[in-house]
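Here the protein sequences line up with chains P, W and R, keeping their order. Quick note: the first sequence uses full-length UniProt numbering, first residue 1, plus one each step. Quick note: the second sequence uses full-length UniProt numbering, first residue 1, plus one each step. Quick note: the third sequence uses full-length UniProt numbering, first residue 1, plus one each step.
It is possible that some hints are incorrect.
[Said to hold, decoys possible] Where chain P lies over chain R, by a calculated footprint (3+ residues, C-beta under 8 Å):
# : segment
1 : 57–67
2 : 97–103
3 : 113–120
4 : 166–180
[To be verified] Restricting the straight-line Cα-Cα distance to at most 30 Å, the calculated cross-link-like pairs of lysine-lysine (DSBU-like) are:
#  : chain 1 : residue 1 : chain 2 : residue 2
5  : W       : K136      : P       : K105
6  : W       : K256      : P       : K105
7  : W       : K256      : P       : K4
8  : W       : K30       : R       : K178
9  : W       : K144      : P       : K105
10 : R       : K176      : W       : K30
11 : P       : K105      : P       : K49
12 : R       : K75       : P       : K89
13 : P       : K24       : W       : K181
Calculated from the structure, these hints are not laboratory results. Backbone N, C-alpha and C fix where the C-beta goes; we use that ideal spot for every residue, glycine too.
Here is how the chains run, residue by residue.
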Amino acid sequence: MDRKRVPGPELSVAPLVEYPVDHKRWTPYGETRHDAKRQPEDMRPIYLKTGLINQANGSAYIELEKTKLACGVYGPRPIKRTGQGFSGKGVLNCEIKFATFSCAKRRSNMRDPQEKELSLIVTQALTPAVRLELLPKSAIDVYITVLESDGWGSCLSAAITCASAALAHAGIEMLDLVAGCSASYISNVPESSSSSTSGSSSIPPQIYMDADLEEEKYEQGAIVLAYMPSLNEVTHVLQSGKAESTTISQSVEHCVEACNKIYAVMHHALLESINESKNNSL
Amino acid sequence: MTSTSAAPSPAFTFSASTFQKLHPAEYFRKFISQGVRPDGRLLTGFRPTTVHYGVISTANGSAMVRVGGTTVVCGVKAEVAEPRLDSPDQGYLVPNVDLSPICSSAFRPGPPSEQAQVTSDAIDRVLKESKVLDLKDLCIEEGKAVWSLWIDVVCVSYDGNIYDAALASVMAALANVRIRKPTYDEGIVKVSGAQELDDDNSFKLNLNRTPLSASFVLFDTSLELLADPNFAEESICEGQISVTVDEEGQICALSKVGGGSSSPSILKECVDRAKERSKDLRALMQQQ
Amino acid sequence: MTSVADAVVPGQRLGHIQEYTAGPGTYSHQDFLYASVVGLKHVSRTSASELPVMTVHRENSQSAMPGMEAIVICKVVRVNPRFAAVNIMVVNGIPCSDDFQGVIRVQDVRATEKDKVKIYNSFRPGDIVRAQVISLGDARSYFLSTAANELGVIFGTSVAGGSLVPISWQEMQCTKTKAIELRKCAKPM
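Just chain P, same shape as in the assembly (with noise of 0.2 Å):
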């Protein structure tokens, strides 16, 4: 039992949702997208602002229309785990975490097995662009708080740009940001359908950028990939599920245009971030 925590009763779930008969659930086989605005290859409109945590060395705040995530970027500061020996080159630390009322179920306070896979990935999305060679014998620790998230895919994208930027915004030498960008592949053909029909699985799915939780639900794969825009290098990949190498490819070609947009974002944010420090100090 957790004595550090007001307690609550033991054992409590979220109440079964019963929808009426005439209720009509968004599938991926109608015309639209979930949202019933976008295109398949457009991306939700990105807010990213940087420095709003005044204790951290740098912060920035990313949202996604209902994914909001907060990163805060502190160090380089002493590594506080001793007995590694000397260290030439500093250490990247991010750690993710999902505020309890962050999902549809509620989410427990303990560190659960999805954070630490996701605060992996976005570690190793973010190494290779970080200058760790210029800081030794120090840390540099990013935590990311995920406040609401919608659609895992869209999640973890949006921590490494959120990360990135907050590097930045902490003045921490790098080679270039990252630019986190998902898609996931959906069939337009309803199952039941394919598997009557043999040979349709040559029929390749829709990749759609971006996709939220909704239609997450349908997708056979999916795809989260980092990228240093202007060096043009891949940092990671993800790729999970089932697809055939023509979807793949064409997938990272769609994300690595979409990280494009996405740097561009950051790119502007990060100058206002400029002037505002600027006006402040007049």
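Once you've looked at the hints, dock chains W and R against the given chain P.
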């Protein structure tokens, strides 16, 4: 090289930020003696405050409150639980404050810090002892199922005075809560999944009162009273006084922690100022 | 003088390596020069024969970190016969957001007569010391030196609780009791 008049030691000159780092209390004393604080506020001044409702759509109710550099987000999630045996018709209110390492370098990853526990506990007491909500309102089926309101406050940016900000966010989020009307059927609680929430298929919480607080710190032996302390002020001052009052000006909670003795007249001054502050804050919360 | 056009972000291409030399805040990759921090770019020409230096001035400076030969201000936390352990609080005039650990070893306290140095007669816990980084040290601590006139104790508190004033390079006097205590003092600058 110029010599600083206050320091009896020889002429070492530093930039203001270095001086603040080496002698935080001395740095601060110089400002206070002039009647202002390093951030430009008067001693009695509160920082600009904003309240936004309904910022999290995955929660039943939510609010974001900013007090100067302190930003907190509160989300309320309603889940179904079995009631306690001794109170079969009462629901649960479970407030917790999370001071995670994102908000300040003072907090480390791991279990809640002492400060987080103290703040959670203080809010828990205010909610329960001043009967903000009739827990019977949260009953679904007596003895079988009740609503459990998980009230979680996440601090995104910490710059002092977490109690005032967290309590305001909890009250705002509770006012924002909408729960779908449940039906109880043989051990299963169901709610309708209809698209739009309206008064027919959902209900709001009936809040009896809205306690809001104002905190002060006592600086130095001169016992200067500073309202709404920021992080730097909290770390050099010892005693902290928090006064929680409701809309009728009645005191719901009063706490004085830490060293530094204070006279009854100081406490009285705190109460008077807290009444004014909570009035302003309440007006701000009702604007939206 | 500065315009938005001069503002750059990490990864932005600044020019060809045949045109400029890479200065602070920039790096070269293959044939090009790129920015590595957010800030304003600046070109400085030293002489006509050399390439101009491209630098990027950080807009939001990185949190201070001790580097080789940096002048630091630190607080003594522990002493023993071999070294004084300190917390590094300020590096080159910029306060650190998180203190770094350092040690002043007995052989690094002063430049002459090193064998006669006693740590107890040089530093006491609580003293504020100006020192120089001489080595990145071991896994835990930076190695610091006070072997120069302007390095040593700059603020101290006496046994009686008064502040100390230097009266020679190895003695300080309490302002309250006029008692004399031994320290390795810094020469006021």
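Outcome of the hint check:
| no. | hint | result |
| --- | --- | --- |
| 1 | 57–67 | holds (count 7) |
| 2 | 97–103 | holds (count 5) |
| 3 | 113–120 | violated (count 0) |
| 4 | 166–180 | violated (count 0) |
| 5 | W:K136 / P:K105 | 24 Å, holds |
| 6 | W:K256 / P:K105 | 38 Å, violated |
| 7 | W:K256 / P:K4 | 22 Å, holds |
| 8 | W:K30 / R:K178 | 27 Å, holds |
| 9 | W:K144 / P:K105 | 21 Å, holds |
| 10 | R:K176 / W:K30 | 22 Å, holds |
| 11 | P:K105 / P:K49 | 28 Å, holds |
| 12 | R:K75 / P:K89 | 26 Å, holds |
| 13 | P:K24 / W:K181 | 21 Å, holds |
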